[in-house]
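Quick note, the sequences are listed as chains E and F, same order.
To convert, take the position in the first sequence, counting from 1, and add 9; that gives this note's numbering.
To convert, take the position in the second sequence, counting from 1, and add 407; that gives this note's numbering.
Heads up, a few of these hints could be off.
As the list claims (entries may be wrong) - Label-pair restraints from in silico Cβ distances:
1) F:Gln787 <-> E:Pro75: 47 to 57 Å
2) F:Gly590 <-> E:Arg73: 51 to 61 Å
3) E:Pro71 <-> F:Asp754: 45 to 55 Å
4) E:Pro75 <-> F:Leu588: 45 to 55 Å
5) E:Glu46 <-> F:Thr772: 34 to 44 Å
What the hints assert, rightly or not - According to the in silico footprint, chain E covers these stretches of chain F (three or more CB under 8 Å from chain E):
6) 500-513
7) 647-657
8) 789-803
Read the hints as simulated data drawn from the structure, not as lab findings.
Keep in mind that this is a model prediction, so the values were computed, not measured.
Beta carbons are placed, not taken as given, at the ideal position from N, Cα and C, and that holds for glycine.
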Amino acid sequence: MDRGRPGAGTGRYQLSQLENIEAESIHIIREVAAEFERPVLLFSGGKDSVVMLRLAQKAFWPGRIPFPVMHIDTGQNFPEVLEFRDRCVAEVGATLVVASVQDSIDAGRVAEEPGPNPSRNRLQTRTLLDAITEHRFDAVFGGARRDEEKARAKERVFSFRDEFGQWDPKNQRPELWSLFNGRHRAGEHIRVFPLSDWTELDIWQYVADEGIDLPSIYYSHRRRVFRRDGMLLSVGPHVAPGGDEEVFEATVRYRTVGDMTCTGAVESVAVSVEDIVAEVAATRLTERGATRADDRVSEAAMEDRKRVGYF
Amino acid sequence: MELLRLATAGSVDDGKSTLIGRLLYDSKAIFEDQLESMERVSRQRGDEYTDLALLTDGLRAEREQGITIDVAYRYFATPVRKFIIADTPGHIQYTRNMVTGNSMADLTVVLVDARKGIVEQTRRHAFLASLLKVPHLLVCVNKMDLVDYDQSVFNAIREEFSGFASRLDVADLSFIPISALEGDNVVQRSVNMPWYEGASLLHHLEQVYIASDRNLIDARFPVQWVVRPQATSSRDYRGYAGRVDGGVFRPGDEVIVLPSGLSATVAGIDTFDGPVDEAFPPMSVTMRLNEDIDVSRGDVLCRPHNRPTVGQDLEAMVCWMTQRPLQTGDFLALKHTTRWVRAVVRDVQYRIDVNTLHRDPSAATLGLNDVGRVRFRVTQPLFYDSYRRNRQTGSFILASEDTNVTAGAGMLLGTD
Numbered sequence: 010m011d012r013g014r015p016g017a018g019t020g021r022y023q024l025s026q027l028e029n030i031e032a033e034s035i036h037i038i039r040e041v042a043a044e045f046e047r048p049v050l051l052f053s054g055g056k057d058s059v060v061m062l063r064l065a066q067k068a069f070w071p072g073r074i075p076f077p078v079m080h081i082d083t084g085q086n087f088p089e090v091l092e093f094r095d096r097c098v099a100e101v102g103a104t105l106v107v108a109s110v111q112d113s114i115d116a117g118r119v120a121e122e123p124g125p126n127p128s129r130n131r132l133q134t135r136t137l138l139d140a141i142t143e144h145r146f147d148a149v150f151g152g153a154r155r156d157e158e159k160a161r162a163k164e165r166v167f168s169f170r171d172e173f174g175q176w177d178p179k180n181q182r183p184e185l186w187s188l189f190n191g192r193h194r195a196g197e198h199i200r201v202f203p204l205s206d207w208t209e210l211d212i213w214q215y216v217a218d219e220g221i222d223l224p225s226i227y228y229s230h231r232r233r234v235f236r237r238d239g240m241l242l243s244v245g246p247h248v249a250p251g252g253d254e255e256v257f258e259a260t261v262r263y264r265t266v267g268d269m270t271c272t273g274a275v276e277s278v279a280v281s282v283e284d285i286v287a288e289v290a291a292t293r294l295t296e297r298g299a300t301r302a303d304d305r306v307s308e309a310a311m312e313d314r315k316r317v318g319y320f
Numbered sequence: 408m409e410l411l412r413l414a415t416a417g418s419v420d421d422g423k424s425t426l427i428g429r430l431l432y433d434s435k436a437i438f439e440d441q442l443e444s445m446e447r448v449s450r451q452r453g454d455e456y457t458d459l460a461l462l463t464d465g466l467r468a469e470r471e472q473g474i475t476i477d478v479a480y481r482y483f484a485t486p487v488r489k490f491i492i493a494d495t496p497g498h499i500q501y502t503r504n505m506v507t508g509n510s511m512a513d514l515t516v517v518l519v520d521a522r523k524g525i526v527e528q529t530r531r532h533a534f535l536a537s538l539l540k541v542p543h544l545l546v547c548v549n550k551m552d553l554v555d556y557d558q559s560v561f562n563a564i565r566e567e568f569s570g571f572a573s574r575l576d577v578a579d580l581s582f583i584p585i586s587a588l589e590g591d592n593v594v595q596r597s598v599n600m601p602w603y604e605g606a607s608l609l610h611h612l613e614q615v616y617i618a619s620d621r622n623l624i625d626a627r628f629p630v631q632w633v634v635r636p637q638a639t640s641s642r643d644y645r646g647y648a649g650r651v652d653g654g655v656f657r658p659g660d661e662v663i664v665l666p667s668g669l670s671a672t673v674a675g676i677d678t679f680d681g682p683v684d685e686a687f688p689p690m691s692v693t694m695r696l697n698e699d700i701d702v703s704r705g706d707v708l709c710r711p712h713n714r715p716t717v718g719q720d721l722e723a724m725v726c727w728m729t730q731r732p733l734q735t736g737d738f739l740a741l742k743h744t745t746r747w748v749r750a751v752v753r754d755v756q757y758r759i760d761v762n763t764l765h766r767d768p769s770a771a772t773l774g775l776n777d778v779g780r781v782r783f784r785v786t787q788p789l790f791y792d793s794y795r796r797n798r799q800t801g802s803f804i805l806a807s808e809d810t811n812v813t814a815g816a817g818m819l820l821g822t823d
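Next up, chain F with everything else stripped away, as it sits in the complex:
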């Protein structure tokens, strides 16, 4: 069985909670005691119906205020796939949460209210999904029951959204007309919209092809940990533990170790369950090399004729996540793959309006929830790919050196 990670974003009234509630309920992932607890709280608050948002709004503050303030993770399964939903609030003040939710997603669901059409929030969700290079974008035109299941309403929204999306970097874009409340096209194909010939939402989630989304071309193996058992039985064992972040490694492969540039041959790829013939993303394995060379945490194994960019001057799209603004001259801690380095901000090249995509080159800082293009200089060379080419070796986080909080997320730009 495969795993699909999906991200949703939305606000109170666009039917997102109803939709998630229905997916969970219909796949039997809501339990009776959870339902009972939601019913009890809804009754106490005087709601007229059971508020399915209570399932995801787990924190006291969220329940009290009736809003979602953070990313919640939900799990459900069908006989075909298991799903992890990263459910985030949709308001602009939660841009950082949406960025977080989209960072691991295979697919993002953007909800559009059929009565209102494309609004600012729709464009923002789509932009953030494309910024985070989520491979599949699924637009659900919801509340079709309130527009009499009218095909022309759906078509108009699809056309307008497609026009907007052409300005974005979206690999796979699909549209489904649904009614989350009535269940049209959520699990079963709707009898109310015979004009729609595509799959139901759940069927789409089960069938969307994700196998080719990972980078299987550029072999990248950042070393996490050196395995050197102290036991007599395996005294000479020396292995490099890590996760394959790109490409495929096989025993016998010639590899280069960065930063030393020394070449070596893969002697074997070990796991607790025995050696494997090939290792691919996102496998966690331990590599042995034939040559006795110095390799430590933070080093990267790659192939001789396919190396990552090595550099100390970085350009990246950054989402800023903390109150204190990012500005020229700031020193920050930066984590990329398995290494922490220090970074200094050289300049903000522009800030991008997440609603209009307008670029403001006069911006000198990035405030909380701002997105912009930033240049950095780092203390030691990083071995990286563009984020567009590899989401693992192309991403980094920034942390405050004073408070240690995670202050920003970066997506590296490259020359490809």
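For reference, chain E alone in the conformation it holds in the complex:
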């Protein structure tokens, strides 16, 4: 962050809000590296995981990030994002582990959902948990933020998962000060959320301040889309419009990056990070409400998925 001296623009010995949460995240990441044997950082190429990767880079600089990076590949990702993922991980010199939902399907671990354009969102959980077991990961960094969703607003920074990968929201460990309890038995693991206190706007302001590269789909572009459940879905290999769904070209961008099957675009002319900061500051819809079909299933869709081991 080109900020001159720390706390520039605030009082003496006072960090700015972004410097404050950056320092907190770095502290969390270092605690995990020090106390766990086999951490891994989940990386999707989405803005939150890109920021998390930058924070990990900062935490150990000039050393390298002392743990691998893992992508759960649904096989339905935006090609721009996969290309970005590989470039990004190579730049920081980290090891990339790819766990593939297609492999889980081929191995008979999970079955594709019926119907046209099936989403693999739910199937990812099996692939993720299998990969954690296979690699014996004991700490798994995720880029989830508490402002995203109401179940996430209740989740701890160090979030315990039992041997089945389950989250028990009613029986969470109290979390005080910044003294994190990562104790667990073999086979159990801890999900760690270093971005818990960041908001969507914080992420974008940080991306702007740091000059962080993001996949091109975050910025406004022309794309062939159709409207389904109030969302704009992109026409592509995994998503085809139904007979009554009219295809048109629109100027859009993505606020979140998930599967092509369940991530909607928003109409936007924001072509630069500064445009996006202004757009996010003025928006009246949450990013998940605007763009994610996976959260629309029920009032507690996220809590229910998290209970069984989702991100």
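Go by the hints and put chain F onto chain E.
Chain F alone, transformed into the frame defined by chain E:
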């Protein structure tokens, strides 16, 4: 822009959710899809109005039972500051949640119903905020509209609360008469209470001076991680990564490393963004020393003439957070700054009634949600300050050695 962390506590009917809802709504931190979802659920349940508590009560069980059972974190911003709210339930069975919410808070909001005045829950909130050494306590006398905006009601509550607070350790105490429902003195100054000359709640939150709340005197740097790059370009690099927990460090400073007691000089303070001239709380930095000495995780850098207490016999105020009671002879895992040690409970000196502040020296155990003074012996010396002097180097957590759950929180007592 600065960050302010605030804690709120309260129960269903004291207007806490309405107040938070109003702060979030007026600062545009509630989004249309969230509002729509709350309206839908309220309608399904047959509520007469949109229940703003649904915004914070995010878990299925909370929605079903219509209660808050856990700490929820909420975020909002004004052009002046960003705010993180730790919102906790107020009932006595959630004392541990209130302790959790207050542990990081710069400011605690205590809500008082103008019609009911000071009640047991008010005293409990204030006590827990003072126990956790939250620097600023703000008492909002709510529902002023229901007492005809009567100044004498507000004054009587202020007087009674001040009397109670004099028995507590509260550094900064303020009072605001509000109506969360009507919006009086929440964002705008109220026209209904011309007799009140102070700031609105939001204005107070924006302006309260927090810069001097951290300890900038006692230099403390617990080492988290040793940075030793394996790359050829920086083979000789050896840095100590950590967070400044007190004081200010500068290159050229003479420091002592605990527990070895060896002295060294700070060669440089590094960050990814370049070296810095000074490091202060809560910066995460990497220190290089001129001398080639052995330093590892759990060690503490401090100044030669200002060292933390070094000891294995600890006395602390403890909030117990698990079913199985704490008692003499228990072995527990204890985490303090960046080290885990084993601790044995020597004795419970007294239990404190969180409602009356009455001390019971006959208590031999602490049950779930109890607070008391406890003596411990630990396997290795800790380098600590009193909690009153430093919330980072003066705090610890306790975990069960069998189940690994976080079983308690401790605030160290010192001689200062």
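- Item | Assessment of proposed distance window 45 to 55 Å (beta carbons of proline 71 (chain E), aspartate 754 (chain F)) | holds (49 Å)
(Q) For the hint 51 to 61 Å, verify it against the beta carbon of glycine 590 (chain F) and that of arginine 73 (chain E). (A) Taking Cβ atoms as reference, glycine 590 (chain F) and arginine 73 (chain E) lie about 53 Å apart, which means the hint holds.
- Task: Take a look at whether the Cβ-Cβ distance between glutamine 787 (chain F) and proline 75 (chain E) falls inside 47 to 57 Å.
- Result: Since glutamine 787 (chain F) and proline 75 (chain E) have Cβ atoms about 25 Å apart, the given range 47 to 57 Å is violated.
| Is 34 to 44 Å right for how far apart the beta carbons of glutamate 46 (chain E) and threonine 772 (chain F) are? | With a Cβ separation near 36 Å, glutamate 46 (chain E) and threonine 772 (chain F) satisfy 34 to 44 Å, so the hint holds.
Mind checking the hinted window 45 to 55 Å against the Cβ distance between proline 75 (chain E) and leucine 588 (chain F)? holds (53 Å)
### Query
Counting residues of the stretch 647-657 of chain F whose CB is closer than 8 Å to a CB in chain E, do you get three or more?
holds (count 4)
Q.
Between the stretch 500-513 of chain F and chain E, are there enough contacts, at least three residues with CB-CB distance under 8 Å, for the coverage claim to hold?
A. Since three or more residues must qualify, the claim that chain E covers the stretch 500-513 of chain F holds, with 6 doing so at under 8 Å.
For this session: Count residues of the stretch 789-803 of chain F with a Cβ under 8 Å from any Cβ of chain E, then say if the count reaches three.
Result: holds (count 4)
Violation of the numbered hints given earlier is confined to hint 1; every other hint is satisfied by the structure.
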